[in-house]
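Residue numbers (our numbering), protein chains in the order written: chain E, -15 to 636; chain L, 964 to 1284; chain G, 326 to 477.
Simulated from the structure, these hints should not be mistaken for laboratory data. Quantities reported herein were computed from a predicted structural model and do not represent experimental measurements. Among the hints, erroneous ones may be present.
Here are a few chain E residues that face chain L, going by a calculated C-beta distance under 10 angstroms [stated by the list, open to error]:
id, residue
1, V323
2, E576
3, N624
Below, a sample of chain E positions facing chain G; criterion: calculated Cβ distance under 8 angstroms [what the hints assert, rightly or not]:
id, residue
4, R55
5, H57
6, E58
7, P59
8, E82
9, S241
10, D243
11, E595
12, E598
13, T599
14, G605
Computed spacing ranges between beta-carbons, pair by pair [said to hold, decoys possible]:
id, chain 1, residue 1, chain 2, residue 2, range
15, E, S566, L, T1271, 26 to 32 angstroms
16, E, S204, L, R1030, 37 to 43 angstroms
17, G, R356, E, G330, 29 to 35 angstroms
For every residue, glycine included, the Cβ atom is placed at its ideal position computed from N, Cα and C.
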Amino acid sequence: MRIGVFICHCGSNIAGTVDCAGVAAQAARFPDVAYSTDIMYACAEPGQDAIIEAIREHGLTGVVVASCTPRMHEPTFRRAVERAGLNRYMFEMANIREHVSWIGKDMDANTNKAAELVRMAVAKLRLNRELTPKSFPVTKRVLVIGGGVAGIQAALDAADAGLEVVLVEKEPSIGGKMAKLDKTFPTVDCSSCILGPRMVDVAQHPKITLYAAAEVESVSGYVGNFSVRIRKKATCVDWDKCTGCGLCTEKCPSRKSYDRFNEGVGPTTAIIIPFPQAIPKKASIEREFCRQFTRGKCGVCAKVCPTGAIDYDMQDSFVEVEVGGIVAATGYDLMDWTVYEEYGGGRYPDVITSLQYERLLSASGPTGGHVRRPSDGAEPRDVVFIQCVGSRDPSVGRPYCSGFCCMYTAKQAILTKDHIPDSQSYVFYMDIRSPGKGYDEFTRRVQEEYQAQYIRGRVSRIYPSRGKLVVCGADTLMGTQVEVAADLVVLAVGGEAAHGAPQLAEKLRISYDQYGFFMEGHPKLKPVETNTAGVFLAGSCQGLKDIPSSVAQGSAAAAKVIGLLSRDMLESDPQIAQVTVSRCIGCGKCIEVCPFKAIQEIDLRGQPRAEVIETVCQGCGVCNATCPQGAIQLSHFTDNQILAEVEALCRF
Amino acid sequence: MAIEQELQAAVKAALPELDCIIGWGPGPDALRDAPLFLRDAADADVLRAGFFSVNNPALFLPEYKGRKIGVLVKGCDARSVGQLLLEGLVRREDLFVIGFPCSGVIDAGKAAALIADRCEAGELRSVREQGDSIVLEGPDGAFSLAKKDVRADKCERCLFPNAMDADLFVGEKRAPFAELDEYADLAAFEQAPLEERMAFWEKEMSRCIRCYACRDACPLCVCRDQCVAVARDPHWLSQADGIRDKLFFQIIHASHLAGRCTGCGECERACPMGIPVLLLKRALSRRVETLFAYRAGIDMQGRPPLLTFSLEEPRIKERDW
Amino acid sequence: MAVMQGKELRIVGFLCNWCSYGGADTAGVGRFAQPTDLRIVRVPCSGRINPLFILKALTSGADGVLVSGCHPRDCHYAEGNYYARRRLEVMRGLLPVLGIDPGRFEYTWVSASEGQRWQHVVEEFTKQIHALGPIGRFPDAPELASLGLGAG
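When you get a sec, could you build the whole thing from the sequences and use the hints?
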């Protein structure tokens, strides 16, 4: 074998703490190395060209690049060696940036370590084999999980491109958080007026199948061919018969139900259509409040329903769908702000969340758009907004900035003035974060045109006094203490990953961070991909974002799925397990441990043997570590290759 | 003796339904029986089963898979059969298991050492069991030895002298005479300083001649001709005559038996150099027992512990970094 | 190019590609300084790790071996780390009887986002191995021993 070694400087990223020329000189003496050099930027076009030229000039049959992590540029360099006529798997990387130059400053130690990593890569490469991918057909259907604005956008874009779309929403209606908003920043246009038509499009699109009040139960399969089991929750209303007339909701005697859509601002009935523009516009029964279930008798809705749609005995049911790609768009929930004792911990009715305030402002809300405070229904005059409640606060385990609160608080202050002209808004803030088109102008307008008083400082305490709430805080710009007697306090509560997000991540086999947000494939270059092929992210499930960003990411995720499923055949990764039949004794242990059921027993002249189903194998290698005689080997990570790496280190 | 005759009768009765019955017959010398493969009831009279029936007949079962086989088993042999069954390497419906109460087996090495001043094992004319003793007929007359002085170490530790899951059990089941901690010797070994333990293996393995008799005697080493010890791909071992590779083969053997080894001790018995290779396997058996409450060949519910997992592992204490 | 005498010990890491290798990358991106002893072997999944790799390393001169995979429930391949946990735990039982300090081997779970945790693990483990010092070596066959010295 003739191996070429290229030690990348990465500008000064590597060369700053690694003697790259020295490493190249050492590498020249490693077994089978025919050519070794250092190079300024291996990944840039001149760098790739130099590699290709060296392959041709020196007749190289394998290449090692020592540079950044293979998770970054392995595909890049594989394509480069392929352009030079080599099989793309005759290539190895040594990670001398993330694992060497960026984590230590000792030049000697780094140089030695880099050279050793190169020796390991060379040792492995000497045992690499040419691998060729196989192709398999794809299912041209996409699953979108979550019917908020990001999921709606992804579903519509994918459907418009001709893909069949299955949209799953856990609530009885799509619309997500955006449907709860009164207006949107910075244009102060009506939220439901812009979202509503999109929701209708979803309902009417011939390519979209909507499952509302449904959740993903399990996912199996792999990119191109996932099998998804969807749990349709029992709504106790046959939606095929329900016309959405709403008669049941008018007659329902159980009027103390928690109103999830209205964030608990005022009660609702036990049988509900969440809001007038709901899609689908179907009723569903909340069993925990329904008298038929709590008291065992009532049956009013069943009596009044003109189509006989009520079915108290309904059970959850399941549907199975086959899809080629999946978009997760599960959004966010508000963090539990009642951990803040200084804000009353939830004891004061007139301390409400920003989302509850949206419902008070909304013309379709429980107060018909008249701002009335919860305690006595009075119209508030002095309204205090407190920002960063559960954002940028390590003391409650929420060190991150939720990103959208500065802007919606400004919007709510403007709307307050619009609704109650003689009102006065006070905003306690830490910093005003308003990057975005027209955003900073907006936060200025609220102060200059709408006379909202912005106070830079945290609130230390809220206590009730003579029908008011006294808000005590600091003004850190003035260096004084501030007390505001407020009629209503609105907390800009930060977001967190939607409840149940980690459980879904496990079903999808994607990573999530400590807050439950899904991990993108790369923080910069793969913002909508995940590390699981065929699964993409849209909206706040990946990290909190505002409406335009969510919509953009919804479209981006759709574009990725469209790109994926535009092909009739996908190539399978050839880094999979392979059985040497002559060495297999048919003990079946590999079959037993395979997480993907990718190994089957075959009959070879009357003897059982193992066989890998190539398109099902995901290349984890559990079988390889199980087979005592090593008759099943994971290509590209064979026992001999890993042993060679160990030897290359420990022998010296 | 009575049990042996009863067993001979049982074998005769069972043989018409079976391709073969595996038991013991006369061996190379009076101290050792050898495996016997009975196909004809007329030969049943040479069948032996007792103190000198050391070999584990389970060794032969996997290659008979698919045929109806009868097998005579001591308690330890039965555990091997059990483990083979659990792993699907033999099928229960193909087996006719005949058990009998085992009062331990001879360690021929111990006996040879004790009689060394009288004669060699090969010079013994006959040997028979008599209660707690064995009576040996040497060139200069008869003499006896106490069984406990010549019994294999594994029998002193044995908690399961009676074959479990036998289709036919001949004789009275007996209680185990082991009451001591099964792993006391291991714990004692681990009291020595690390360097001494390492030096122990260095010294022991220096005698290894890489004959693989340990492997070939192991009833659970089912890879047989495909053993990694002699494979080039994967190439776990060099063929060089070094202690490191010799020891590493024992590590491989132990690792492949983790959660499977029943402690029958055939590896150690077969070793021509007398290297205590069972110790490594027992270290892993102890570990598996501690972590998963699993004893190979005994606990027949569920799956072998290393071929399965549970989401929560109550007995595994992970390090908290 | 042997181990840097007096400065470093030989530590081999086996890391799964999806979580821990990514976590080590994240630590690098965050410039979380770490001791330089560790060399990482990248494998697709902790379930790919045959415990014999660890014993091979420890009997071939590695002073310490560190394995890291995805957190339980978070395996890219759903189950690989569960198998790994059992196998590695069992294998650890062989170390004392061989005369190898069990502290020379550790395994842990580090996700791709946990750069700081990775830094902490590397620091702690390196400290632990330095406290134990160089490992005792089983003698190699003379011809192999000379091979190692010659090619270095």
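Against the structure, the hints:
1. V323: Hint violated; E:V323 Cβ to chain L Cβ min 25 angstroms, cut 10 angstroms.
2. E576: The hint holds - E:E576 has a Cβ within 10 angstroms of chain L, the shortest such distance being about 5 angstroms.
3. N624: holds, 5 angstroms
4. R55: Because about 6 angstroms separates E:R55 from the closest Cβ in chain G, which is inside the 8 angstroms limit, the hint holds.
5. H57: violated, 12 angstroms
6. E58: Given a least distance of 10 angstroms, the restraint on E:E58 is violated.
7. P59: Constraint on E:P59 not satisfied, violated at 13 angstroms.
8. E82: holds, 3 angstroms
9. S241: It is violated, given that the least Cβ distance between E:S241 and chain G is near 35 angstroms, above 8 angstroms.
10. D243: Violated - the Cβ of E:D243 stays beyond 8 angstroms from chain G, reaching only about 34 angstroms at its closest.
11. E595: Violated: closest Cβ of chain G sits about 20 angstroms from E:E595, beyond 8 angstroms.
12. E598: Given a least distance of 16 angstroms, the restraint on E:E598 is violated.
13. T599: violated, 16 angstroms
14. G605: holds, 3 angstroms
15. E:S566 to L:T1271: 26 to 32 angstroms: holds, 29 angstroms
16. E:S204 to L:R1030: 37 to 43 angstroms: holds, 39 angstroms
17. G:R356 to E:G330: 29 to 35 angstroms: Violated, since G:R356 and E:G330 (Cβ atoms, about 42 angstroms apart) do not stay within the stated range.
Hints 1, 5, 6, 7, 9, 10, 11, 12, 13, 17 from the list above are not met by this structure, while the remaining hints are.
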